[in-house]
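Asker: The chain contents come next:
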Amino acid sequence: MHMADALLSPAVGATLWAASAGTLAWCSKHLRGDARDHLVPLMAVLGAFVFAGQMINFTIPGTGSSGHIGGGLLLAILLGGPAAFVVIASVLTVQALFFADGGLLALGANIFNLGVFPCLIAYPLIYRPLVRAAGASPSRNRLALITVLTTVIGLQLGALGVVIETQLSGISSLPLSTFLLLMQPIHLAIGLVEGLATAAIIAFVYGARPDLVAVDDTTTAGATASFPTRIVALFVALALATGGLFSWFASSHPDGLEWSIEQVTGKPEVEGEESAVHQWLARLQERIAPMPNYAFPASAEAAGEEEPAWPAVDAGTSTAGVLGGLGTLVLVMAIGFLLRPRRARTSG
Amino acid sequence: MGSIEGLLREVRSLDATADQASWLSRIDPRATILATMAFILTVVSFDRHAVAALLPLAFFPVVLARLGDIGLARIGRKVLLALPFALMVGLFNPLFDTTPHLELLGQPISGGWLSLTSILIRTVLTVAATLILVACLGMHRLCAALDRLGVPRVLTTQLLFMHRYIVVLGGELGRMNLARELRSQGTSTLPLAVYGSMLGHLLLRTLERAQRIHQAMLSRGYDGQMPQVGLPLSWHWRDTAFLAACLVVLAWLRATDPTALLGRWLMGIAT
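Note that the protein sequences, when read in sequence, are chains W and L.
Per numbering that gives the first Met the number 0, the very first residue in the first sequence carries number 0; after that it's consecutive.
Per numbering that gives the first Met the number 0, the very first residue in the second sequence carries number 0; after that it's consecutive.
Keep in mind the hints are simulated off the structure, nothing from the lab.
The C-beta atom is built at its ideal place from N, Cα and C for all residues, glycine as well.
There's no promise every hint is true.
To be verified - Here are the computed distance ranges between Cβ atoms for each label pair: (1) L:L119 <-> W:P128: 15 to 23 Å; (2) W:L325 <-> L:L177: 15 to 23 Å; (3) W:L211 <-> L:R219: 51 to 59 Å.
Claimed, not checked - According to the in silico footprint, chain L covers these stretches of chain W (three or more CB under 8 Å from chain L): (4) 6–12; (5) 43–56; (6) 87–93; (7) 96–106; (8) 111–122; (9) 142–150; (10) 184–191.
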């Protein structure tokens with residue numbers, strides 16, 4: 000579920016950083032105005048709780064596998080949306096920094112996918128209204144059903160976010176439909192498991208301390224008052240920003256273009272060699288080929304024999320690339336080795 | 000992501016590395032963070048088929064690890080753990096992107112294989128750089144720097160606080176789970192009902208703990224505002240020099256293609 004740096008383009012990574020930073024700024028402003036100053040230690044220990052809780056797996060009956068909580072919805076129920084978002088952001092940051100889950104550039108995307116969707120969309124728009132509608136003291140089963148449903152929807156949105164971000168980045172060549180068909184069902188299953196885990200914990204807490212789980216307006220004061228308009232405005236702005244970026248991206252970046260052409264023609268590759276689009280793409284491809292400019296003279300005329308449409312294919316450049324790559328690796332290792340003894344002595 | 004014991008060991012060992020004195024620990028943490036961000040942006044800005052051009056960037060994490068006295072073997076082990084996800088997504092590239100891009104020993108190499116290799120190299124580089132950054136700085140210096148770089152105080156406070164309580168709550172949950180395992184005749188299965196009550200109990204205890212912490216904070220003069228996060232920082236000329244040097248080298252690696260230059264030079268020697 001975590002996006003990785005390697006699959007993101009700088010434009011998409013930066014957009015989502017901006018989106019997450021904006022949401023974080025909004026949440027932190029919201030929390031500053033919050034009179035509940037016990038929130039600081041509460042958020043910290045609950046963050047640590049989610050972190051530790053993700054390490055314990057329950058057994059899924061009938062299968063050999065196991066599952067754990069996601070944490071977003073649980074935090075939102077206990078803390079309210081904005082505070083839960085900050086906690087999830089901190090959990091994801093520590094995971095990115097200490098455990099290489101995701102990465103620094105992908106952190107914006109991960110906070111968005113796993114923070115905004117469960118805490119700021121699924122919780123206020125699905126969980127709260129449904130629990131309110133269930134009356135003052137909903138039955139355990141009903142509460143569990145609502146919890147599972149909210150988790151599933153939040154995670155489906157998050158998985159959709161991953162697919163869209165990966166596609167816009169254009170690093171992976173997976174077609175949109177295939178990726179969607181892979182991601183959404185997998186995350187339906189994961190969502191059910193996470194929902195069950197969350198529901199089990201909520202059911203226990205509901206039995207022992209129903210006040211903690213209740214949807215009253217004191218624990219999440221103000222979270223709903225100005226919420227829908229703000230979040231709608233945020234998303235409109237975000238959609239515009241993403242759309243603007245993407246159109247720029249598509250016109251200047253051949254991979255993004257190639258991707259959109261795939262969507263239009265419905266084919267992974269444009270086949271007709273005579274078509275203008277193909278020739279144009281081939282020219283673009285030639286321009287962005289990994290090592291276009293340094294064929295060694297002897298093989299220059301040999302180039303283009305195998306594939307007339309792809310003149311960038313050239314044995315000479317490839318050999319140069321491989322040799323250079325090996326040479327670089329040797330140099331990197333040598334530097335690592337040379338730096339070691341001196342460092343060891345100064346530290347020891 | 001492993002067991003609770005592994006989690007605690009990892010947090011402790013990273014804290015221990017961050018405490019040791021090295022050349023890099025004298026550099027302002029803000030400079031190290033900015034240099035690492037610049038590095039990651041440089042890596043991801045390459046074309047998706049770039050393979051050879053990415054390799055010289057490996058200088059950055061290697062040199063940084065050495066300057067910060069971080070064992071490369073330890074970083075390498077953790078990088079390996081991050082590879083399967085990248086492999087999973089990248090694995091489809093050779094199936095969908097079959098246009099030949101290179102020719103190697105008479106074999107055409109398709110764009111898909113190139114981009115798969117590129118994804119793996121990107122993963123190794125970015126993950127290694129991030130891990131080295133944290134191992135060098137540690138949570139306190141990192142949060143102090145983030146705070147001064149303009150990250151909202153609520154998040155930096157949260158990070159510092161949470162980092163402290165991960166060890167406390169992780170230890171507690173680990174002991175609870177050990178006790179459960181010892182009482183369940185060695186079966187490792189954890190039914191959902193038991194799971195719910197176990198984590199539910201811990202959650203209630205956690206909430207009570209938060210109340211006690213809050214009271215302790217109040218009795219020490221907490222008034223709803225956190226004092227300055229972390230340590231005082233001062234920016235010296237050598238921090239500027241370090242950051243400038245990193246940026247110049249990264250820009251040079253991005254603009255020229257040292258791999259190609261080296262390759263042509265080696266071929267020139269060979270012929």
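Asker: With reference to the structure, classify each hint as holding or not holding.
Answerer: Quick rundown of the hints versus the structure:
Against the hinted window of 15 to 23 Å, the Cβ-Cβ separation of L:L119 and W:P128 comes to about 45 Å, which falls outside the hint. Taking 15 to 23 Å as the suggested C-beta distance range, the pair W:L325 and L:L177 does not conform, at roughly 49 Å. In this structure the supplied range 51 to 59 Å is violated for W:L211 paired with L:R219, their Cβ-Cβ distance being about 26 Å. Residues of the stretch 6–12 of chain W with a Cβ under 8 Å from some Cβ of chain L number 5, which satisfies the need for three, so the listed coverage holds.
Look at the stretch 43–56 of chain W against chain L: 13 of its residues bring a Cβ nearer than 8 Å to a Cβ of that chain, three or more, so the hint holds. Check on the stretch 87–93 of chain W: 5 of its residues sit with their Cβ under 8 Å from a Cβ of chain L, so the three-residue criterion for coverage holds. Against chain L, the stretch 96–106 of chain W contributes 8 residues with a C-beta closer than 8 Å to a partner C-beta. That satisfies the three-residue criterion, and the hint holds. For the stretch 111–122 of chain W, the assignment as covered by chain L is violated, since 0 residues bring a beta-carbon within under 8 Å of that chain's beta-carbons and 3 are needed.
Closer than 8 Å: that is the beta-carbon criterion, and the stretch 142–150 of chain W has 0 residues meeting it against chain L, so the requirement of 3 is violated. Evaluation of the coverage hint for the stretch 184–191 of chain W: breached, as 0 residues show C-beta separations to chain L shorter than 8 Å, against a requirement of three.
The structure fails hints 1, 2, 3, 8, 9 and 10 (numbered hints given earlier, in ascending order).
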